[in-house]
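Participant: Spelled out, the chains give:
2 protein chains.
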Amino acid sequence: MTDLEPIPNPNPASIGLVAYRDQHFSEPLLLDCGRALEDWSIRYETYGSLNENRDNAILIEHALSGDHHAAGKYSDADPKPGWWDILIGPGKAFDTNRFFIISSNVIGGCRGSTGPGSINAKTGRPYGMDFPIVTVRDMVRAQERLIRSLGITSLAAVCGGSMGGMLSMEWAIRYPGMVRRVMPIATTTLQSPQAIAFDEVGRNAIMRDPLWNQGDYEPGAGPAHGLAVARMMAHITYLSETGMVQKFGRRLRGKDRLDFTFDIEFEVESYLRHQGQSFIDRFDANTYLYLTKALDYFNLADGAESLDAAFASMQAKALVMAFSSDWLYPPKQNKEAVAAMLRAGKEATYVEIDSDYGHDAFLLEADEISKFIRAFIRD
Amino acid sequence: MTDLEPIPNPNPASIGLVAYRDQHFSEPLLLDCGRALEDWSIRYETYGSLNENRDNAILIEHALSGDHHAAGKYSDADPKPGWWDILIGPGKAFDTNRFFIISSNVIGGCRGSTGPGSINAKTGRPYGMDFPIVTVRDMVRAQERLIRSLGITSLAAVCGGSMGGMLSMEWAIRYPGMVRRVMPIATTTLQSPQAIAFDEVGRNAIMRDPLWNQGDYEPGAGPAHGLAVARMMAHITYLSETGMVQKFGRRLRGKDRLDFTFDIEFEVESYLRHQGQSFIDRFDANTYLYLTKALDYFNLADGAESLDAAFASMQAKALVMAFSSDWLYPPKQNKEAVAAMLRAGKEATYVEIDSDYGHDAFLLEADEISKFIRAFIRD
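Which chain is which? The protein sequence lines are A and B, in order.
Using this note's numbering, the first residue of the first sequence is number 1, and each one after it goes up by one.
Using this note's numbering, the first residue of the second sequence is number 1, and each one after it goes up by one.
If you are wondering where the hints come from, they were derived from the structure by calculation, not from laboratory data.
Even glycine gets a Cβ: it sits at the ideal position worked out from N, Cα and C.
One should not assume that every hint holds.
Unchecked claim - Simulated crosslink set (DSS-like; lysine-lysine; CA at most 30 Å straight-line):
id, chain 1, residue 1, chain 2, residue 2
1, B, Lys332, A, Lys247
2, A, Lys247, A, Lys122
3, B, Lys73, A, Lys335
4, A, Lys335, B, Lys332
5, B, Lys80, A, Lys332
6, A, Lys332, B, Lys247
7, A, Lys73, A, Lys332
8, B, Lys247, A, Lys247
9, A, Lys73, A, Lys122
10, A, Lys332, B, Lys73
11, B, Lys247, B, Lys317
To be verified - Ranges between beta-carbon positions, derived for each pair:
id, chain 1, residue 1, chain 2, residue 2, range
12, A, Asp259, B, Gly345, 54 to 62 Å
13, B, Lys122, A, Gly249, 25 to 33 Å
14, A, Cys33, B, Gly303, 52 to 60 Å
15, B, Gln214, A, Asp281, 50 to 58 Å
16, B, Glu368, A, Thr242, 22 to 30 Å
17, B, Gly249, A, Asp39, 54 to 62 Å
18, B, Glu352, A, Asp281, 23 to 31 Å
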């Protein structure tokens, strides 16, 4: 990683229009909880072309509220492209002129892969809380089937931020022969009690909403208020205190003096309410319960003697990136991953990007992230 | 504050049994919002005796979820004494052999002073959301009436943590001739956007609970779920990440392996649910709305050219204490108060106590806090 010349960026452009695919599986998927998914499917997107050797694929892993739609648009009318469009496309860090990018939704999700909102063949109704609990490891088990179904046995890289970073590390450990490089970003090897605590409050907000009804609600209905509160709270943990001072300070919303009411007074209140409201239009409450549970159960060292021992199987080279103001998965927790990899005798390195964007920096600091990704996957 | 000998602690003991008093006022209290409270009252407790000069009184200010019951017990059967019993009593830092301690509830509260749960004489029903919005300054205005009604015109000190620290500083600025020493602890001169954000989520949890019913509910009923969620979330901000790792880690609750259910798995989940549940038994949801609003409006510099200018009127000597792991009102915000006092030419000093208890340290680090309080008020 030394003596780098600037990497030319010939013609960075959006990947253009894209489409998703669903891959169905009828072979049961055994889960950590002891139960199995009988019929299940994964939704995914791909960008670029698989080469003849079938060895230029990079798997992109999304975060809690993300999905498979990482780049491009479904139609020119879409207001925004996929969530990592800044990094994926011709000439971009994940260069689609060179790599075949696969972005896979997770099981348990609500965006097309099998999850609690899917129809349970045995009852003809949505699973709801009858859906089995899935772990990060289960999500990776399911994705391994997907990757093999595409005829791919060696991934050039696996990369993702937040929950996506957990999946990336799990991939490198569980399927070591299939992963040549791993790039976990803004993540942890072990969900901290503080992070569990925030998730537990979010779940309580949902499960104490009477419209949750034990998870039994019609598609599109459900505990909108509880989900909005959960999202508002979680959103605070994605920002940094400094970033909030810069972005909002104590600015009033559309006025120059206080009204002394319980309506919105400050910009930051308006912003959070908007975050809560827009989330309920695109996310399912039961999936929020299941995915936060997967986060909380996450402990990469589970089943191993230690974290160092957990990384013993890893064959991939690792680049771990963290952001200075991230307090959800702070630099310290990312550094611990690298230290354990190094103690296990692996090729691993760490970069800390200075940013006031907090945890959300992995979605925003495109220029900085790009430089390190380009260099790490250049050969 | 130099060359201190160890301060003898002759016989530290609990103050024993105590009782509260209600002071009624029929003269209207004009509020920052432009409205007025017509008939109103403050509940308070006192410990120790007022001296002949009537100049040995110390006013104790409680935090958001605290009240006037700061020391002693109402009956021997009480499981716990008041919230600052560790600091108040014969031979303790606030030595009742020497000082007359006054602990006053705030207006807007739900523990006996006039608040949204009080009966509105005009309607014969609880105010609910017809209660006027009160600010920290309004709370201090009301307390000034109380102190004068006790025949006291000079307070030896005003001291409190968190919201109580805000009240303390407001006292020193608004009634400078009445305050000889001020000891704000774990507080801020200005509610940050992050703190406003957490409060706004808590208010949303309450106001989106159908049982809130626009604030119109029977005493003892109301939005219990929303209030519990608000409290659970707020409680995370009172602890530190390090403290949570020490206190809970990822320990399971009453089992040695995961159950893979949405019931409690981790100790930290159990702890938070307990905090939420016990809070609804002792606190009123509308008061939670009003007091968090008071916190969010708090900006000590409001109406002044600058924070330095706001402190220009202060005559009290100031000791500001903060805790290293407090991220709700972090050391930085406390230091800024002292810096502004110093720039305004005041006698002020700062102490940062090393603690893993986070914001809650002001309720727990009795030994450390005591040393500094004793020294500061010794003459």
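Participant: Is it true that the CA of B:Lys247 sits at most 30 Å from the CA of B:Lys317?
Facilitator: violated, 37 Å
Participant: When you take the CB atoms of B:Gln214 and A:Asp281, is the distance between them in 50 to 58 Å?
Facilitator: violated, 25 Å
Participant: Against the range 23 to 31 Å, how does the distance between the Cβ atoms of B:Glu352 and A:Asp281 compare: consistent or not?
Facilitator: Violated, at about 45 Å.
Participant: Holds or violated: are the alpha carbons of B:Lys332 and A:Lys247 at most 30 Å from each other?
Facilitator: holds, 19 Å
Participant: Regarding the pair A:Lys73 and A:Lys332, is the alpha-carbon distance no greater than 30 Å?
Facilitator: violated, 36 Å
Participant: Is 54 to 62 Å a correct range for the gap between the Cβ atoms of B:Gly249 and A:Asp39?
Facilitator: Violated - the Cβ-Cβ distance for B:Gly249 and A:Asp39, about 39 Å, lies outside 54 to 62 Å.
Participant: With a cut-off of 30 Å on the C-alpha distance, tell me whether B:Lys80 and A:Lys332 pass.
Facilitator: Given pair B:Lys80, A:Lys332 is violated - Cα atoms ~39 Å apart, limit 30 Å.
Participant: Could you tell me whether the CB distance from A:Cys33 to B:Gly303 stays inside 52 to 60 Å?
Facilitator: Once the Cβ atoms are compared, 59 Å apart, the range 52 to 60 Å for B:Gly303 and A:Cys33 holds.
Participant: CA of A:Lys332 to CA of B:Lys73, is that 30 Å or under?
Facilitator: violated, 45 Å
Participant: Does the alpha-carbon distance linking A:Lys247 and A:Lys122 stay inside the 30 Å limit?
Facilitator: violated, 50 Å
Participant: Would you mind confirming whether the straight-line C-alpha gap from A:Lys73 to A:Lys122 stays at or under 30 Å?
Facilitator: Violated, at roughly 36 Å.
Participant: Taking 22 to 30 Å as the hint, is the beta-carbon distance of B:Glu368 and A:Thr242 inside that range?
Facilitator: With Cβ atoms ~28 Å apart, the hint holds.
Hint compliance for this structure: hints 2, 3, 5, 7, 8, 9, 10, 11, 12, 13, 15, 17 and 18 are broken, all remaining hints hold.
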